[in-house]
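Number of protein chains: 2
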Amino acid sequence: MKASPEHFLQSLSHIAPLSDEARELFATHTTSQIVKKGDYLVREGQRCQHIWLIETGACRAFQHHNEKEINTGFYFENTFLTNLNSLRNNVTADYNIQAIEAGTIWKWHKDNLFSLYQQSSEITAFGRQWLEHLFIEQEKHNQWLKRHNPEERYQSILTTQPELLQRVSLTQLSSYLGISRETLSRIRRRLP
Amino acid sequence: MKASPEHFLQSLSHIAPLSDEARELFATHTTSQIVKKGDYLVREGQRCQHIWLIETGACRAFQHHNEKEINTGFYFENTFLTNLNSLRNNVTADYNIQAIEAGTIWKWHKDNLFSLYQQSSEITAFGRQWLEHLFIEQEKHNQWLKRHNPEERYQSILTTQPELLQRVSLTQLSSYLGISRETLSRIRRRLP
DNA sequence: CCCATTATGTGACGTTTGACACAATTGCTT
DNA sequence: AAGCAATTGTGTCAAACGTCACATAATGGG
Numbered sequence: 001m002k003a004s005p006e007h008f009l010q011s012l013s014h015i016a017p018l019s020d021e022a023r024e025l026f027a028t029h030t031t032s033q034i035v036k037k038g039d040y041l042v043r044e045g046q047r048c049q050h051i052w053l054i055e056t057g058a059c060r061a062f063q064h065h066n067e068k069e070i071n072t073g074f075y076f077e078n079t080f081l082t083n084l085n086s087l088r089n090n091v092t093a094d095y096n097i098q099a100i101e102a103g104t105i106w107k108w109h110k111d112n113l114f115s116l117y118q119q120s121s122e123i124t125a126f127g128r129q130w131l132e133h134l135f136i137e138q139e140k141h142n143q144w145l146k147r148h149n150p151e152e153r154y155q156s157i158l159t160t161q162p163e164l165l166q167r168v169s170l171t172q173l174s175s176y177l178g179i180s181r182e183t184l185s186r187i188r189r190r191l192p
Numbered sequence: 001m002k003a004s005p006e007h008f009l010q011s012l013s014h015i016a017p018l019s020d021e022a023r024e025l026f027a028t029h030t031t032s033q034i035v036k037k038g039d040y041l042v043r044e045g046q047r048c049q050h051i052w053l054i055e056t057g058a059c060r061a062f063q064h065h066n067e068k069e070i071n072t073g074f075y076f077e078n079t080f081l082t083n084l085n086s087l088r089n090n091v092t093a094d095y096n097i098q099a100i101e102a103g104t105i106w107k108w109h110k111d112n113l114f115s116l117y118q119q120s121s122e123i124t125a126f127g128r129q130w131l132e133h134l135f136i137e138q139e140k141h142n143q144w145l146k147r148h149n150p151e152e153r154y155q156s157i158l159t160t161q162p163e164l165l166q167r168v169s170l171t172q173l174s175s176y177l178g179i180s181r182e183t184l185s186r187i188r189r190r191l192p
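Protein sequences, first through last, are from chains A and B. Mapping the first sequence onto the numbering used here, position 62 (from 1) lands on 62, and the numbers just tick up by one. Mapping the second sequence onto the numbering used here, position 159 (from 1) lands on 159, and the numbers just tick up by one.
Calculated directly from the structure, the hints in this document are not laboratory data. These numbers were taken from a predicted model, which means no experiment stands behind them. Where hints are given, some of them may not hold.
A pair holds if it fits inside one copy or across any two, identical chains being indistinguishable in the list.
No more than 20 Å apart at the CA atoms, straight line, and that leaves these computed lysine to aspartate or glutamate pairs for EDC-like [said to hold, decoys possible]: (1) LYS68 with ASP20; (2) LYS37 with GLU101; (3) LYS110 with ASP94; (4) LYS37 with GLU55; (5) LYS107 with GLU6; (6) LYS146 with ASP39; (7) LYS68 with GLU182; (8) LYS146 with GLU67; (9) LYS146 with ASP94; (10) LYS140 with GLU69; (11) LYS68 with GLU152; (12) LYS146 with GLU55; (13) LYS110 with GLU6.
Let the hints inform the model, and build the full structure from the sequences given.
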């Protein structure tokens, strides 16, 4: 099997199933792209035109605020990412998406995506279910932020996504946790 | 036109259009319900079986944590609400949905909803677009929590959703802002 | 392999927040 | 209208956090 996103889409079947035909249709409209560390997929102020699927590598979403960078999400292999607000509502992006590791990604132009939705009700159903999944994750993240204090948030990263610490700098992680770099450093010192 | 959710669905057309036929199909599978202040639509530990549409009144989503209540969302007229994780994945709910004002709501059972998705690709497309909208709102809310300090968060509520202060207690609002009741009280004192 | 650059740790200090206790106010019920 | 319960405000104090400054460690390019 030549490299393609089809294998990934199949692995998603527990979240949102797709027939072989729909998967192939989806895969024929994508192109591969190599990204270097630091490359931007979208910048604040631009209009986002694609959705991406990370084959290898990692990306972050962040926005500038008061001379600092606020990291709002980290994305790794086999995840979709896009600036949905910009893509869907044709407005300028209010956050950046940047590669933090070199790698390769698949991309779909939004015109192709919308066309696929119209061609295949199965792909639309896939989109709905995928968005349900995304929404639920986002809602959980939201509750997590409000329910836990900084130390608890760091602890839960340690236990539930330890790989994050291997692939993301502590400076980036600190703003994701909603605290300063120094506070994160001190939390790490006083934990086992 | 007799009371029905159809009028509301039409008003959503800028977010997600529905034909007259699909709207009517959607509306024929709903039932009306009267809720009193304090009624629960879902409790933690139960399985959520419905989606609701608020015609009049207001609801909140909250979870218990360390003897306190963390409010994670407030919902008013003409908005859908459900515990999507519980509804979709058939797991027990990890947060409550409760009416905070008396009113009337429309409800759809999840079996009906899933059946409607299968009957009408237009309703599936509506679901996808509605979820896109929900995801974007949730994502913005997350960024807002990380970007602003408590005082800025309260300020932005004042300017962008002043009605929230009329319909939600300050105790409830404080946990939504991620701060204690007392801190919110002091922020209010030192602002004009 | 060395040096420059970046990332991370730490000390000091002022500010903010949370927790607890209690007072004042509001709102609802009878 | 009175009285009770719930909500909101406030005083005090300790703990947590942010900021600034600088030290140390790790990384990467030439």
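Tested hints:
no. : hint              : in the structure
1   : LYS68 with ASP20  : neither (46 Å within a copy, 49 Å between copies)
2   : LYS37 with GLU101 : within (5 Å within a copy, 52 Å between copies)
3   : LYS110 with ASP94 : within (18 Å within a copy, 35 Å between copies)
4   : LYS37 with GLU55  : within (14 Å within a copy, 50 Å between copies)
5   : LYS107 with GLU6  : within (13 Å within a copy, 38 Å between copies)
6   : LYS146 with ASP39 : neither (32 Å within a copy, 24 Å between copies)
7   : LYS68 with GLU182 : within (14 Å within a copy, 29 Å between copies)
8   : LYS146 with GLU67 : between (25 Å within a copy, 15 Å between copies)
9   : LYS146 with ASP94 : between (23 Å within a copy, 14 Å between copies)
10  : LYS140 with GLU69 : between (23 Å within a copy, 16 Å between copies)
11  : LYS68 with GLU152 : between (24 Å within a copy, 17 Å between copies)
12  : LYS146 with GLU55 : neither (32 Å within a copy, 29 Å between copies)
13  : LYS110 with GLU6  : within (19 Å within a copy, 31 Å between copies)
Hint compliance for this structure: hints 1, 6, 12 are not met, and every other hint is.
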